[in-house]
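The listed protein sequences derive, respectively, from chains C and S.
Residue 85 in the working numbering sits at position 85 of the first sequence, and the numbers go up by one each step.
Residue 1174 in the working numbering sits at position 174 of the second sequence, and the numbers go up by one each step.
It is possible that part of the hints are untrue.
Computed list of lysine to any residue pairs in SDA-like fashion (alpha-carbon distance at most 25 Å, straight line) [to be verified]:
| id | chain 1 | residue 1 | chain 2 | residue 2 |
| --- | --- | --- | --- | --- |
| 1 | C | Lys166 | S | Ile1167 |
| 2 | C | Lys166 | S | Leu1076 |
| 3 | C | Lys224 | S | Gly1110 |
| 4 | C | Lys166 | C | Arg71 |
| 5 | C | Lys52 | S | Met1073 |
| 6 | C | Lys52 | S | Thr1191 |
| 7 | C | Lys52 | S | Phe1195 |
| 8 | C | Lys166 | S | Leu1049 |
| 9 | C | Lys166 | S | Met1073 |
| 10 | C | Lys166 | C | Leu93 |
| 11 | C | Lys166 | S | Leu1098 |
| 12 | C | Lys166 | S | Pro1148 |
| 13 | C | Lys166 | S | Gly1110 |
| 14 | C | Lys52 | S | Asp1151 |
| 15 | C | Lys166 | S | Gly1029 |
| 16 | C | Lys166 | S | Ile1026 |
| 17 | C | Lys166 | S | Asn1152 |
| 18 | C | Lys166 | S | Tyr1053 |
| 19 | C | Lys52 | S | Asn1152 |
What follows is a list of derived Cβ distance ranges for each label pair [unchecked claim]:
| id | chain 1 | residue 1 | chain 2 | residue 2 | range |
| --- | --- | --- | --- | --- | --- |
| 20 | S | Arg1213 | C | Phe3 | 49 to 57 Å |
| 21 | C | Met1 | S | Pro1148 | 45 to 53 Å |
| 22 | S | Arg1136 | C | Phe3 | 56 to 64 Å |
| 23 | S | Arg1217 | C | Leu135 | 44 to 52 Å |
| 24 | S | Leu1084 | C | Met97 | 32 to 40 Å |
| 25 | C | Phe89 | S | Phe1043 | 56 to 64 Å |
From chain S, some residues computed to sit far from chain C (all C-beta separations above 10 Å) [what the hints assert, rightly or not]:
| id | residue |
| --- | --- |
| 26 | His1002 |
| 27 | Ala1014 |
| 28 | Ile1026 |
| 29 | Ile1037 |
| 30 | Gly1059 |
| 31 | Gly1081 |
| 32 | Val1089 |
| 33 | Leu1098 |
| 34 | Val1115 |
| 35 | Asn1127 |
| 36 | Pro1148 |
| 37 | Phe1198 |
| 38 | Gly1216 |
| 39 | Trp1218 |
Hint data in this document are derived by calculation from the structure and do not stem from the laboratory.
Note that CB positions come from ideal geometry on N, CA and C, so glycine has one too.
What follows is the residue order along each chain.
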Amino acid sequence: MLFGIEWDTSDNLTFAISILPILLRGLVVTIQATILGFFVAMVLGLILAALKAVPSRVVSWPARIISEFLRDTPLLIQLFFLYYVLPEFGLVLPAFMTGALALGLQYSAYLSEVYRAGIEAVPRGQHEAARALDLTGRDTFARIVVPQAIPRIIPAMGNYLVSIMKDVPVLSVVTVLEMLSVARIIGDRTFNYLVPLTMVGAIYLILTLLAAYGVRRLDRALPKTGIPMK
Amino acid sequence: MHWTEYLVPLGQGAWVTVQLTFWSTILGGILAFAAGIGKLSAFFVFRWLSVAYIEVFRGTSLLVQLFWLYFAMPILGETVGLDLRFSPVLVGILALGLNIGAYGAEVVRGAIQAVARTQYEAARALNFTPRQVLFRIALPQAIPEMMPPFDNLAIQNLKDTALVSLITLGDLAFRAEQLRNFTQDSTVIYTLVLFMYFGMALVLTAFMRGLARMTGRWRPSGR
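Whole structure, please, built from the sequences with the hints as guidance.
Shown next, in the form of structure tokens:
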């Protein structure tokens, strides 16, 4: 029994059906962690991208090194670092928050590159045309570059959203009860790991295939000439 | 314990991480070429197998795959009368290799498809067999294009090896957790470990750049 829901181990099929609602409880946590982690990554990534774009090297180099460091070290270790080290500095967060923060930190480095690539993909001619029309630097960026960068950025962000979802099971090591840890608890108690773990795999597969389809649709639907900002 | 005393156990763990990365990257590389080429095969069976492999291993979480191979596969083996219990090392290499191979397969497929159409047309005009087209025309031009994404995947794989500590394999992440339980000195240990992984990633990137230069010579001249 877990979350007050009983399971029936008489045969594999009834077992699978009886634990599905329990796994879906875990899935809710997985999705919450995905969304919160993605939100943190979006904001931190934007800050990192902005710092990396600053002309002064005193600012851009440390930002670049931090970004590289976040990208080249394992999520698991970053998570343990936050989980064990933050409390030593008096910052005690719930495991779920620590997990979402770790996901956000790791993916902020990836998303900062997505932002940069999206902005750099806007053709030079657009900048030249904006200058010819005597637009200010600020207007050029906000009204010419960003509206054309967004359709390029969004599909890539969608792919990283899916990657974050696939990394959420790592949070199980700090006691976050997401779908995989729920499946393991069921396995520990019934000595049947095959059914719950296979189900988690299948649920993941369905979700990622749906998400991949969604991203493709979105990519096609977005106007490549730019999104009107007003 | 002084922090320099941590270096010996962490170094031993790092060596396990290096070996894991090495073997799983090689397994992943083989699978990437097999499935990437298989997806473009003229035979329905090869194509279907490759697509199934790629989608399953890219579509699910690595940790789910690792636990499935470690905890669930032996049970499945029992029901069909096979002994599928493997050591953590073997399961770790298998899971990492299968996972990274699926990502690599898409890189291989993309690079082969990016070879100019005229190259294939010229090969056909010169009466090359399909095997010759693959090994003498497509791959030599495609492999240099695969190297930058392969660099990213190798780093990804190095980072992913940390997860095998969760099936009791004594890699760097596992040693760090052991030391932490023993000394409670989290800040120093995890800072050291983060920098050790970062250092290994830099070495790996340098190695992959070297490989990229080596294969870069296969690029056709005049392009």
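Results of checking the hints against the structure:
no. : hint                             : result
1   : C:Lys166 - S:Ile1167             : holds, 18 Å
2   : C:Lys166 - S:Leu1076             : holds, 24 Å
3   : C:Lys224 - S:Gly1110             : holds, 23 Å
4   : C:Lys166 - C:Arg71               : holds, 16 Å
5   : C:Lys52 - S:Met1073              : violated, 46 Å
6   : C:Lys52 - S:Thr1191              : holds, 24 Å
7   : C:Lys52 - S:Phe1195              : holds, 21 Å
8   : C:Lys166 - S:Leu1049             : holds, 23 Å
9   : C:Lys166 - S:Met1073             : holds, 21 Å
10  : C:Lys166 - C:Leu93               : holds, 23 Å
11  : C:Lys166 - S:Leu1098             : holds, 16 Å
12  : C:Lys166 - S:Pro1148             : holds, 23 Å
13  : C:Lys166 - S:Gly1110             : holds, 23 Å
14  : C:Lys52 - S:Asp1151              : holds, 22 Å
15  : C:Lys166 - S:Gly1029             : holds, 22 Å
16  : C:Lys166 - S:Ile1026             : holds, 23 Å
17  : C:Lys166 - S:Asn1152             : holds, 18 Å
18  : C:Lys166 - S:Tyr1053             : holds, 17 Å
19  : C:Lys52 - S:Asn1152              : holds, 20 Å
20  : S:Arg1213 - C:Phe3: 49 to 57 Å   : holds, 56 Å
21  : C:Met1 - S:Pro1148: 45 to 53 Å   : holds, 51 Å
22  : S:Arg1136 - C:Phe3: 56 to 64 Å   : holds, 60 Å
23  : S:Arg1217 - C:Leu135: 44 to 52 Å : holds, 46 Å
24  : S:Leu1084 - C:Met97: 32 to 40 Å  : holds, 39 Å
25  : C:Phe89 - S:Phe1043: 56 to 64 Å  : holds, 60 Å
26  : His1002                          : holds, 19 Å
27  : Ala1014                          : holds, 12 Å
28  : Ile1026                          : holds, 20 Å
29  : Ile1037                          : holds, 22 Å
30  : Gly1059                          : violated, 4 Å
31  : Gly1081                          : holds, 15 Å
32  : Val1089                          : holds, 18 Å
33  : Leu1098                          : holds, 13 Å
34  : Val1115                          : holds, 24 Å
35  : Asn1127                          : holds, 39 Å
36  : Pro1148                          : holds, 13 Å
37  : Phe1198                          : violated, 5 Å
38  : Gly1216                          : holds, 23 Å
39  : Trp1218                          : holds, 27 Å
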